[in-house]
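Once you have looked at the hints, place chains S and R with the ligands on chain B.
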Amino acid sequence: MTRDNISVIRLKDILLVTVPPEPDDETVSAFQEKVLDVMASNEPRGLVLDISTVQTLDSFFARTLMETVQMAALMGTPTVIAGMRPDVAITATLLGLSFGRTLTARNMDSAFDLIIEKAAEDLSI
Amino acid sequence: MKTQSQIHATGGKGERVPAEVPPNQAAGSLGSDESYRLLVLTLRDYAILMLNPEGLVATWNPGAERFKGYRADEIIGKHFSIFYPAEALARDLPRIELEGATKLGVHEDVGWRVRKDGSQFWASVTISALRSDEGVLIGFSKVTKDLTLQRAAEARIKRQSDEILELATPVMQVWKGVVMAPLIGSLDSARTQQFMERLLNRVVETNSSVALVDIMGVPTIDTKTAQHLIESITAVRLLGAQVVLTGVRPGIAQTLVHLGINLADILTRSSLAGGLQVALNILKLEVVAKTRGLKE
Amino acid sequence: MTLRLNEDFPVNEEGDIVMARRLVREFALQRGFGSTDITRIVTAASELIRNIYVYAGKGFMRVSFNEEVVRVGITLTFSDQGPGIPDIAKAMEPGYSTGRSMGMGLSGSKRLMDELTIRSEVGKGTTVIIVKWLSK
Ligand SMILES: Nc1ncnc2c1ncn2[C@@H]1O[C@H](COP(=O)(O)OP(=O)(O)OP(=O)(O)O)[C@@H](O)[C@H]1O
Ligand SMILES: [Mg+2]
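In order, the protein sequence lines correspond to chains B, S and R.
In this text, residue positions in the first sequence follow the numbering used here: the first is 421, and each later residue adds one.
In this text, residue positions in the second sequence follow the numbering used here: the first is 31, and each later residue adds one.
In this text, residue positions in the third sequence follow the numbering used here: the first is 991, and each later residue adds one.
Extracted from the complex, chain B is given alone in its bound form (with noise of 0.2 Å):
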């Protein structure tokens, strides 16, 4: 059931997935899952994962979602995180949550283009 909360669509070879505003603990460990096995059987050019009505990110949640990206990345799928409430940036960096060097983009049209511009450079190497 908290597994039906998040939402994945595919556009053209990109997978969407959508993160549900409050989540608890259960449907945040039910989402890297349902990505997880998403991405197995689509094998997708790239990850966005929209967190723009995200009103909560914690420690668990934050770390919950760096373990996707770098699970994605070992996958061989760029992951760029979208949408983030300027509330949440803010506290997500004082509460010092590193997030590296994941690609962000503030709307997906941007979130598409990073990952178009990511698979061409990947391509050209």
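Quick caveat, the hints were computed from the structure, so don't treat them as lab data.
Built from N, CA and C at the ideal position, the CB exists for glycine as well.
The reader is advised that the hints may include incorrect statements.
If you anchor each label on the Cβ, the simulated ranges turn out as follows [as the list claims (entries may be wrong)]: (1) R/Val1112 / B/Ile429: 33 to 41 Å; (2) R/Glu1058 / S/Gln180: 16 to 24 Å; (3) S/Thr253 / B/Asp529: 47 to 55 Å; (4) R/Glu1004 / B/Ile429: 25 to 33 Å; (5) R/Thr992 / S/Gly290: 46 to 54 Å; (6) R/Glu1058 / B/Ser461: 31 to 39 Å.
Sample of chain R residues lacking proximity to chain S, with all beta carbon distances greater than 10 Å (derived) [said to hold, decoys possible]: (7) Arg1015; (8) Gly1089; (9) Ser1110.
For chains S and R with the ligands alone, coordinates are given in the frame of chain B:
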């Protein structure tokens, strides 16, 4: 000053009567209209009264009537502790003040006092001992000034200066997709947090990819300030935009290096123009990426 | 679920974390905080409730309002009767964790709030009190 007295005159209960002496009656006894006007103004702002050695009210002026609410015939002969709120009475404040004035000549205090209608006002009170030529205590003069409005004004000024502080760091859209924020003055954590909030909100509102943060107007940078700056930059990145730090003067560059602050990850330029160029380059890169995307 | 001021909200299971967050958000809004401050307060609360759940199993949260002449505030108290923290200074260091986690909860909460106080006794339990002020 004028409004102050007007508010007292209208703010209380109905029994107050206009307390000024008409100018034409008093003018003769004083040198000029001007000095009369000054005197009346003074009287309006101050309650000036005499107490006998026991603390009973001996004289009463229009100013006192105006803002304490009692008429002379109601108050003369009453003990002055009537002006004090219960809390001050519990501390025995009236007696302490008279003793202080007796011992030292003058006693000053700032605190809440009570009007006839029970409302309280914030007052500065000066009680001076009056002595005869032989040094015998013959009473006290008590000057009370109503500072309620002043107190409110100070609070307002503080609020306004907070707002000015906010205004000091506007975040302007200088180009489609580019916002610019000139930082002026020193940065403490309260200010940086305000700045961060506004910068991030503007980036989202204007859907910008680049934020130029100009530190030309920042006099000095210490580790703490640098830390705050880096936090702001990190937060902007989480939104999916980039920060270009501009106006990095030689002195500041030196300090940053000496402090061991690593800004290697951050795009910096010495001039705002240079920063704008970088911003445009970043935008162009995006345009290139988009066209490439369409072709694929 | 409603909670009154100064009343204990019990934390027993994982689901209580989300519920507590929701309650804290409502109280902070009622207190008059702006959205960024609300996010800060709720996030700090989330960290501290999770610590109760992870390290002590259960405990409670309490919300109170502070009133002063020039400012008002919100105080959140998190209490448990769990194992306690042997070295508070160490637990406050960013990156220190006995739970193989990021170790950001306590240090981060301190940065998100205006005040953070910890009282803890090994074997007896832990109380963390956080305060955020709002000038009038
Ligand atoms: N309520 C508590 N009872 C007992 N020990 C605690 C409690 N809260 C925190 N601690 C101890 O303090 C350490 C630091 O806590 P903190 O919340 O900063 O990090 P964490 O919980 O380990 O990781 P994170 O919060 O980043 O997931 C914990 O690892 C734990 O040892
Ligand atoms: Mg924790």
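Going through the hints against the structure:
Between R/Val1112 and B/Ile429 the Cβ separation comes to about 50 Å, which falls outside the hinted range of 33 to 41 Å. The hinted window of 16 to 24 Å between R/Glu1058 and S/Gln180 holds, with their beta carbons roughly 21 Å apart. Roughly 38 Å separates the CB atoms of S/Thr253 and B/Asp529, a value that falls outside the hinted 47 to 55 Å. The hinted window of 25 to 33 Å between R/Glu1004 and B/Ile429 holds, with their beta carbons roughly 28 Å apart.
The supplied range of 46 to 54 Å is met by R/Thr992 and S/Gly290, whose beta-carbon atoms lie about 52 Å from each other. With their beta carbons about 59 Å apart, R/Glu1058 and B/Ser461 fall outside the hinted range of 31 to 39 Å. Annotated as non-interface, R/Arg1015 keeps its C-beta farther than 10 Å from every C-beta of chain S; the closest such distance is 18 Å. For R/Gly1089, the condition that its CB be more than 10 Å from all CB atoms of chain S holds, with the nearest at approximately 25 Å.
With a least CB separation of 27 Å from chain S, R/Ser1110 remains clear of the 10 Å interface cut-off, as annotated.
In summary, the structure is inconsistent with hints 1, 3, 6 from the numbered list given earlier, while agreeing with the others.
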